[in-house]
Every structure is written in C-alpha cells, then in structure tokens.
Amino acid sequence: MHNQVIGKPISRVDGRAKVTGKAKYAAEFTAPDLLHGVVVSSTITKGRITHIDTGDALALDGVVKVFTHQNRPKLAWFDMSYKDLDAPPGSPFRPLHNDRIKYNGQPVALVVAETFEQARYAASLVKIEYAQEPHETDLQHHLDTARKPASGLASLLKPPPPKARGNFDKAFTEAPVQLSTGYVHGFEHHNPMELFSSTVVYGKDGKLTIYDKTQGAPNSQFYVSQVFNIPFRDVRVVSPYVGGGFGSGLRPQYQLFLAVMAARELKQSVRVSLTRQQMFTFGHRPATVQHIDLGAQPDGTLDALRHAATAETSRFEDYIEVVVNWSGALYKAPNAQFDYNVVPLDQYTPLDMRAPGGVTGMSAIECAMDELSYKLGMDPLELRLKNYTEEDPNEKRPFSSKQLRACYQQAAERFGWTKRSPEPRSMREGHTLIGWGMATGVWDANQLPARAEAVLTVNGKLRVSSATADIGTGTYTIMTQIAADTLGLPLEDVLFRLGDTDMPLAPFQGGSLTAGTVGSAVKIVCEDLGKELLKLARKMPNSPFAKAKFDDVFFVEKQMRLKADPSVRIDLQTLVDQNGGRAIRTTATSMTNSLKQGKYTRYAHSAVFVEVQVDEDLGTVKVTRAVTAVAAGRILNPKTARSQIIGGMVWGISKALEEETVMDHRYGRFMNHNLAEYHVPVCADIHELDVLFVEEHDDVVNPLGVKGVGEIGIVGMPAAIANAIFHATGKRVHELPITLDKLM
Amino acid sequence: MQIQVTVNGKTRKSEVEDRTLLVHYLRDQLHLTGTHVGCDTSSCGACTVHVDGVAVKSCTLLAAQADGCAVTTIEGMAIQDSPTTSQLHPLQEGFKECHGLQCGFCTPGMIMTAADLLKHNPNPSEAEIREALEGNICRCTGYHNIVKAIQWAATHSTKPEPNQQEEPVVADEHLFTNDVTTGEVVETH
Chain U
1 MHNQVIGKPI SRVDGRAKVT GKAKYAAEFT APDLLHGVVV SSTITKGRIT HIDTGDALAL
61 DGVVKVFTHQ NRPKLAWFDM SYKDLDAPPG SPFRPLHNDR IKYNGQPVAL VVAETFEQAR
121 YAASLVKIEY AQEPHETDLQ HHLDTARKPA SGLASLLKPP PPKARGNFDK AFTEAPVQLS
181 TGYVHGFEHH NPMELFSSTV VYGKDGKLTI YDKTQGAPNS QFYVSQVFNI PFRDVRVVSP
241 YVGGGFGSGL RPQYQLFLAV MAARELKQSV RVSLTRQQMF TFGHRPATVQ HIDLGAQPDG
301 TLDALRHAAT AETSRFEDYI EVVVNWSGAL YKAPNAQFDY NVVPLDQYTP LDMRAPGGVT
361 GMSAIECAMD ELSYKLGMDP LELRLKNYTE EDPNEKRPFS SKQLRACYQQ AAERFGWTKR
421 SPEPRSMREG HTLIGWGMAT GVWDANQLPA RAEAVLTVNG KLRVSSATAD IGTGTYTIMT
481 QIAADTLGLP LEDVLFRLGD TDMPLAPFQG GSLTAGTVGS AVKIVCEDLG KELLKLARKM
541 PNSPFAKAKF DDVFFVEKQM RLKADPSVRI DLQTLVDQNG GRAIRTTATS MTNSLKQGKY
601 TRYAHSAVFV EVQVDEDLGT VKVTRAVTAV AAGRILNPKT ARSQIIGGMV WGISKALEEE
661 TVMDHRYGRF MNHNLAEYHV PVCADIHELD VLFVEEHDDV VNPLGVKGVG EIGIVGMPAA
721 IANAIFHATG KRVHELPITL DKLM
Chain D
1 MQIQVTVNGK TRKSEVEDRT LLVHYLRDQL HLTGTHVGCD TSSCGACTVH VDGVAVKSCT
61 LLAAQADGCA VTTIEGMAIQ DSPTTSQLHP LQEGFKECHG LQCGFCTPGM IMTAADLLKH
121 NPNPSEAEIR EALEGNICRC TGYHNIVKAI QWAATHSTKP EPNQQEEPVV ADEHLFTNDV
181 TTGEVVETH
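From first to last, the protein sequence lines stand for chains U and D.
Position 139, counted from 1, in the first sequence is what the UniProt record's numbering calls 139; the numbers after and before it change by one each time, with no gaps.
Position 25, counted from 1, in the second sequence is what the UniProt record's numbering calls 25; the numbers after and before it change by one each time, with no gaps.
With the rest of the complex left out, here is chain D:
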C-alpha cells in the first residue's frame, strides 16, 4: 500500500507492505537508523519516536497507521539553523554533557520520551522524570545521569545563541559511514 508520511519535516510517499512496522519503515526504507530496535515487544523503548507530537513506540505501530501523520525521529531533533550548520536540541546537549549515555543504544528513545515529557511538564521534578521514563530501559548508565540530562535540558530550553555551540574541529570524521542513499523513497517536497 502507499502511505504519505511527513518525517522530520519532509513529506515522503512510500510503498510499504501492510505488515511493515513503523520502525522498520523508518530504518529499512528511509535509512533513519537512529531509531533502534531493542525488543519488538514494546518493553524497552529504544524505538520511541513522535507521531503527531506524541511519543510512541514505533515497534508497536504499523507504518500504515502513520499514514497522513507527522513523524519526528532522533535525526529530526537538532535545529537546522542554516543549510550548513545545525544546533543540537537541548536534550541532546544535556545527554552529551551530563553523560546521560554510555553505549548509546537506548539514547534516542530516552531523548524522544523526555521531549514528550518536557512538552507537557517543562520543569519536572526528579520523581516525575523517573516516572515518565517507565517505558525506557537503560542497561549501562544506572539512570542517574539520564535524570540529570533531562533536568539540564529543562533549564536550557531556550534556543542557544548561534555559534555558541559550534561543533569542535576534529581531525577526521568520527563515524564510519556506509550510507546507501538509494531506495524506494520518493520525496515530493
């Protein structure tokens, strides 16, 4: 079947199987692999994305159910200031600075869940943060720094000044890239 989904601000028309889960559509067809699969059973929260502004576990939703919706993934969280520079979302800065991550596998889901929390409760208490993350498991950090990262983001929710958070100059690109840019994706806008 054909679906039309606005993903991170871009409208995509795609052919998907009826049984394709939203997470596999994002990962396999759109190559947005920042959304991770940790369980298939809605237990771990690694696959959390926003659908029409609400945090959902994308392993429990069919791609077809997102037809006509706006989806935001971790790749869409940074603020694109200009064609060449982007600034991290305060939650991304918070997780980075407060060491709210180790292996990084649960991180995108944690950030997406936390973003939903901060939208409804801009200044959550520690207890409220801990309750709100009930559906996200982290096996590395012991959670303390994740709570701190979200508290940090809550107090830095204004957009940082441009150039203040410049990317450090590194000797080389830190990532191994093996991106395939072809696929069945049709961009209409």
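Isolated chain U, as found in the complex:
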C-alpha cells in the first residue's frame, strides 16, 4: 500500500557510469606490471599436436613465456575438479591438457608478453604441427548415431521430455487431418559485444583478485578454486559490469583458466582477452533437427501430437536443453509423444543461449500449428484458442498463473489481426508481398535460493549486496527499487552492489530467474533489517512501539510508522543513533517454497503478431511491424522490462532472418567467425516494435510475484516471422534463418 518505486519506469542507476565510460568491464581493470596473454588456436578439428616450435616467439623482446601442454603446471587430476556449477554430464574440456585436439579453434598455446602488441605478434610466430584424424561435424549426416543424453544434476532445472500420454500412434492414424513436418536450425553463437576477458591481479601474498567476464562470479571462483586447488578465501572474483552475456558467461571460459595459470606460474598479474574470432571457439546454440506430427479433427481439435528433436553435442559432454516439453504443456492434445536425443560430434559443447531450447522447440511447434491451420482452413489464432488449456497436460497440474488468452486478445487487437485476409499472397502492394503471422511464446519462471546482505549505515543510508550479476538486464536498478520500497527510503539513499564473491552467494544470472530469485532475497533481507530496527525502537524509553509486532509497522519517508496510528513514527536515523551510532547489519537467505511451487507449473507467456514485407523479385524480408503481449507476473520496472522484451524481439528477428554460424564441414571450421559475416540486426533492420504487458497476480512463483522477462521476448518471434513469410509468399521454409536465397 505504500509502494513508491516498484512498478515505476525508473531510469537505470548504472546509466551515468555507462554513458561516461566509467563502468569498467573485465579487460579494463589493471595492475602494476600487468602482462598480456594472447591465445593461439588450433587450425585442425581432430588429431594430435606432433610438434610445437616456440623459438621464434620467445626470441622476441618482451615475450615472457609461451605456455603449451608440454610445459603447463601440474593441475587437478580428476574430471570432477573441472566441473563448474553449470557443467552438463561428461568430462569437461581442459585447456592445454595434452596433445589431443578435440575441436577446431581449441586453445593450444598462450603467449605472455609485456605488452599486448608483443604478445599478439609472438602468437603469430608459434609453429604447430599436427597429425590430423578424420572428424565428424555435420549433424544431418550423423542422425543415425543419435542417442539419449546422459542425465545429471542439470535435469533439476532442465526436465527430460514428458511421459507419453494416451495412444499417439492410434490417434494420429485415425485423425481426419494429419500433418507431418520438420524443421532444421543452424548453429548460433551468443556474441555479446564484450569479448571474453579475465584480468588476474596477483597479490603480494599470492592471493588472486580476478576481474572476469561472467554471468556468475561465484561460479568462476568455484572453478578456479577446484582446478588450481586454492582455498576460496584466496580467490576473489569481481565482475561489476558485464558487456552482455546471453548465456555465454554461464560457464567459465578458457581465458579464465589460462590467465590464472599464467599469473600463478609467473607470480605476476596477467590479462587474457579473446578475439572476436575466438568468441566462436566455445559454447553455442546447438544445431537441431526437429520432427512434428499433428493429428486433428476438422474443427481444429488436436487429438495427436508428437514432437521429437535431435541436437548436436560435443564428444566430451552431453549438453541438454528443453526443446520438446513446451508443445506438450501448451496444447491439450490427449495423445502425445515426446523424444529428445543428442549426436556427439567433434565440436565444443553447446551452451545455453537466450531461451535455450524454448525458442528452438516453440519455433517448430508454432510453425507446425500454422501449417495445420492452412490445412484446416482455419484462422491460426482460432486454432490456438481451440486447443487452449488451463491446466498443464504434461504434469496434470494447474499453472500458477496464465494470462495467455488475454495476451492473444490484446495483441491481436493492437495489431489489427481481424483485418487479415487469410489467403497467402493476397496482401501485395506492387512488387512487395505483405504477410501477417502469429505465434505463442512460453518460458520458465524458476526461483532458486539466494543470499543478500543489508546494512543501514551510520548516516541512515541503505546498502544491499548479493553476488549476482547484471549482464545488462537492469539488476542494479530493480534491486535498488525493491530495497527502497521495503524500507521506505528514496532511491538515492539506497545502493545495491553485486558481482563480487566477497558478497553473499547468489546463483548465476540466467534463465530469467534473477528478478524473482535475488529480488526475493533483497526483500527478505530488508524485512529482516526492518525487524532489527523495530527491536531497537521497542527498547527505547517509553517507546510507543514497545508492544508493536513487525506486522504492525510500515516504512515510509525514512521513517518507521505504526499502521494503526501513522502519526506514531520514528526516523530511521534516530534508530541508528539508538544503536550507539553503529551501522545495523543483517544477512538473509531466501529459500524456495518447493512444496507449494511443486503443485503448479510456472511459466511466463507471450503472444506475438508480425507483419513482413517480402520483395517478390529479390526475396528480401523486412519485419515492418510486430506486437508482443507478455504475461510475466508483476513488472517491477516497465522501462527496463520493455527494453528486455524489445531486445528479445530483435533477437527473434535475428534468429528468423539473419543469425547462423556456418560450418565448412570439410575442415570442421566455422567460416563466418566475425561480426562482418555473422549477421545480427543493425539499427536500420529494425522497424515498429510494440510491447504490451498483461499483468498477472501470482503468489506462487516467488514472494514478489515476478516471472522474469529476459527470455520470453525472443521465444515466439521466429515462428511468427516464418508464418508471416508463408502468408506473404506461399512458401514454407523449414530451415532457419530464412535468408533470401531460400525465398527465390
């Protein structure tokens, strides 16, 4: 009732630091006598290193050392030590471990020199000879080797495919309208704007302070501690600003290993930054092949649904993502079957990339539903509504909240969907074909435990901290809002800090779970601080709060007041004075209410409507207009949330039309490993984008009722665009991205 800033479009608290160049990213911290490391990458895909000649490199002025598998220090032996907190089942990649080459671009040497220029030149002089072995990198040529992925702890957040229900085979065979279709998606690389870098500051006592590009400083600390056998207290990882992540920073990348190794061996501070080309030499969104069968009644009722996906993984780890479960949760089809398999290839292990699995699977099912709508002669939106479900058919339990129907209605109205002429190629303007398409988005709303600390300082200001990350999402800002509201302080009296392993532990930033997870910890720790303040107030002589319980008071305008009589009030500053002028400090952990949450399926939803213009002669596609309605619980800050959704929609445009890492399978090497040839949208590619938030009240997902908005924006876009392209051209393209050659 006294909310002042939650839900308001507050400008970013980190805005000033970012527009003045003062925000420091991992490669921008420095230390006296900092050495620079440059990585040498393998030029073959599979085989062994037979000879390394570092003579020319070492002969150069300023070159300190060249690390290879031949001279690296002895490190942890067991695989277990190399497993970071996000490692999938398998045996993690170890840089410079031995002479084996497992994938193209693998780091094979680190050249360390006094200046970056010296290191870079010296790296070009390292001569490596290989004995090559035949490699396999093409998913579509090795589908016959697909197998079930190994399961591990990862399945806690990434459930296996749902159990089959009913009798799919029978229902599909008997269905009057049948559709069998398939979709192929290529590799994609996250390509955050910031290059992966680690600056390792070597302390006098051998302790390390590591400025790392990561989505979770505690994960980097854990990894370094395990691999190098250093106690936690001697490794501090700091990451106040992160230049984008999109999943790429969920696992420590090899520059961290190399920089730490070099700093410890040379007893000197070292920085290692990757090049943009090397940003294509670790995790990626896996290439996938999907197959969907739908069986329906003439009125559109789905009787049968089968969704099967095959994805590539590396030879050493089984990367898993949730691809096929979404379709089973979205449509009530009583007879359904799901399958998910992986094909190990000579590549690096894939890695979660914005809405991992979700955007993949939803793109397929939502294109298939569009195909079915034309077979039925039914409006695509009407077909969705016909099969709408209020209960999760996979788990046979209710949704914690689901305003998808309102999303469909509001977005359709805003878009003007009723004016659509159903026939493909029926909306042309001269040589320009116009198409309208729609699709649905679904994404998880998970919560994990997290810790936070709150301090009311001697001057009555609030400081809150938690070792989470802000990869550009707005965490600094929304946590400041939550803390300010909970203790009734103006925003400028609140400072939230993150990205430092000296702070209380929080999970990495991923899966759209930070707002709910860390937000809950911040709320709880501020409430605990409020309870401490009440204790102090009660102890005061003749205190009007003497008998008050925590539920009897509220915080507003830097004061604690009695709900029953708001004129009974006390300044928070007075309470600090009451504490002998000492700061008041609390630490708290927010736990998840698994018992309650387990009874519900917790998803964010979206409905997307898109207009495209396709040049009939050239096949060029423009997304001229898109409307997304999002139901993601409570929106803490419409300014940051809207930007997240728009950014996600542009990722959807990118996935649908532009983005793909293309491999030359003869060499097992990505060909377009730079930002000139790996296409992502630029400013002029983007036209009208509209976002609607359909607010939901949800007290199951977490105490704040937020579902997170980092990923839901991308999920429905690619299918909506592909469906609009079909409507414009009459061509159904089964491979993403839909480049102009596929429309000619």
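Just so you know, not all the hints are guaranteed correct.
Straight-line Cα separation of at most 30 Å, DSSO-like style, residue types lysine-lysine; simulated pairs [unchecked claim]:
no., chain 1, residue 1, chain 2, residue 2
1, D, Lys10, U, Lys22
2, D, Lys13, U, Lys22
3, U, Lys549, D, Lys13
4, D, Lys148, U, Lys639
5, U, Lys22, D, Lys148
6, U, Lys596, U, Lys549
7, D, Lys119, U, Lys639
According to the in silico footprint, chain U covers these stretches of chain D (three or more CB under 8 Å from chain U) [stated by the list, open to error]:
no., stretch
8, 1-7
9, 17-31
10, 46-56
11, 63-71
12, 117-131
13, 140-147
To be clear, the hints were calculated from the coordinates, so they are not data collected in a lab.
Using N, Cα and C, we set each Cβ at its ideal position, and we do this for glycine too.
Starting from the known structure of chain U, arrange chain D on it as the hints suggest.
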C-alpha cells in the same frame, strides 16, 4: 616512436610502438577505458572516437596516425563547468534517460557516432539516425531506445542550466575503481 596527441583537451606526448593501434594507446597507455574493443575488425563500432572532429573506429587506426591530431573519447564528452562539477553531454543524458543502453558496452561508440551525426545534421529523422548508425552494433536494446535517445539529444542540444542536472546524492560511490594513475604518459600542459 614519439607522438603528440591532444586527447580530451590535454596534450599528451607518448612513446608508442609503430604497430600500436589508437584504441590500445587510449586504453592501455592513457587508461581511457571507456573506449571499448568489440571486434578488432571495424565491424562493431564499440571503439568509435573522434579524431579531429570526425568519428572513426580507433581499432582501425594506428596511434601514429593520430600524431598531431585532437582526439575526443567518451570521457571527454561531459562539459566541465567548474573544477568540481561537470554536466553530461545531451547525448549522454539522452542515453541515460531514454534507456538507450543495457549492458553499456556499445554505448560509448554509439554516443560518439551520434555526436558526429548531430554535428552535421542537428535534426535527423528516425530513418537518418538508423542509417547513420550502420557501423555500430548493439546486442541488447533492440535499437529503439537508442534512436529515441538521439532524438532526445537533438531537442536538448542547448547546454542545460548549471545545477539543473545535479548528480544525485548516492550512499556510496557506485563504481569499483582500481585505477592505476602511473604510466608512460607525459602531460605537457
């Protein structure tokens, strides 16, 4: 070799290697790390600075080529009113207020490119802004708010009144600083 470059109004005499790129000179020698490296191949625009008033990608220029030139980086955009206070450039205010940034990595380059645009075209249309930013990639915002930020700056190009845009009082400094102030830099003025 020795070069003399005027960076953000201060003349610097520095010893650089022939092969040192302007961006590395700014970042590693002058510690002006607001100019970011996103690609090395002139594709992303994160390293954009002004050389003699023209926006250039500093990863594609040798430091030696800037000898005798005036360079402006993001750190030089705010207007220093007095020894202790400074006001943000309208573009900086615009990006901050219109949420023209998320992770902030592309932001300095975007602002420097936009400043060049506004110098030549003080009231650009949306289409002109989108065309002008062809060499700058943003992976977070989806560009809409960047366009708005530049439009905002175009209508606020007069210098704001002093004290109007005071820095908010914050409980503590928001930044982690680990600045090293020593280096090979010789300031002559």
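Assertion that chain U covers the stretch 117-131 of chain D - criterion: three or more residues, beta-carbon distance below 8 Å: holds (count 4)
For the pair supplied as a hint, D:Lys148 and U:Lys639, is the alpha-carbon distance within the 30 Å limit? 13 Å, holds
Cut-off 8 Å, C-beta pairs, minimum 3 residues; does the coverage of the stretch 17-31 of chain D by chain U stand? holds (count 7)
In terms of beta carbon proximity below 8 Å, does the stretch 63-71 of chain D have 3 or more residues touching chain U? violated (count 0)
Starting from D:Lys13, check that the Cα of U:Lys22 is at most 30 Å away, please. Given pair D:Lys13, U:Lys22 holds - Cα atoms ~24 Å apart, limit 30 Å.
Could you grab the alpha-carbon distance between D:Lys119 and U:Lys639 and see if it respects the 30 Å cut-off? 29 Å, holds
Given as covered by chain U, does the stretch 1-7 of chain D meet the bar of three residues or more with CB within less than 8 Å? With 0 residues close enough to chain U, the hint is violated.
Decide if the proposed pair is consistent with the structure: U:Lys22 and D:Lys148, CA atoms, cutoff 30 Å inclusive. 23 Å, holds
Satisfaction of hint between U:Lys22 and D:Lys10, Cα-Cα up to 30 Å: 19 Å, holds
8 Å C-beta test of the stretch 46-56 of chain D against chain U, three or more residues: n = 1 at 8 Å, threshold three: violated.
Hinted pair U:Lys549 and D:Lys13, Cα distance within 30 Å: 67 Å, violated
Outcome, coverage hint (the stretch 140-147 of chain D, chain U; C-beta under 8 Å; three residues): Per the Cβ count (8), the hint holds.
Comparing the model with each earlier hint shows violations of hints 3, 8, 10 and 11; every other hint is respected.
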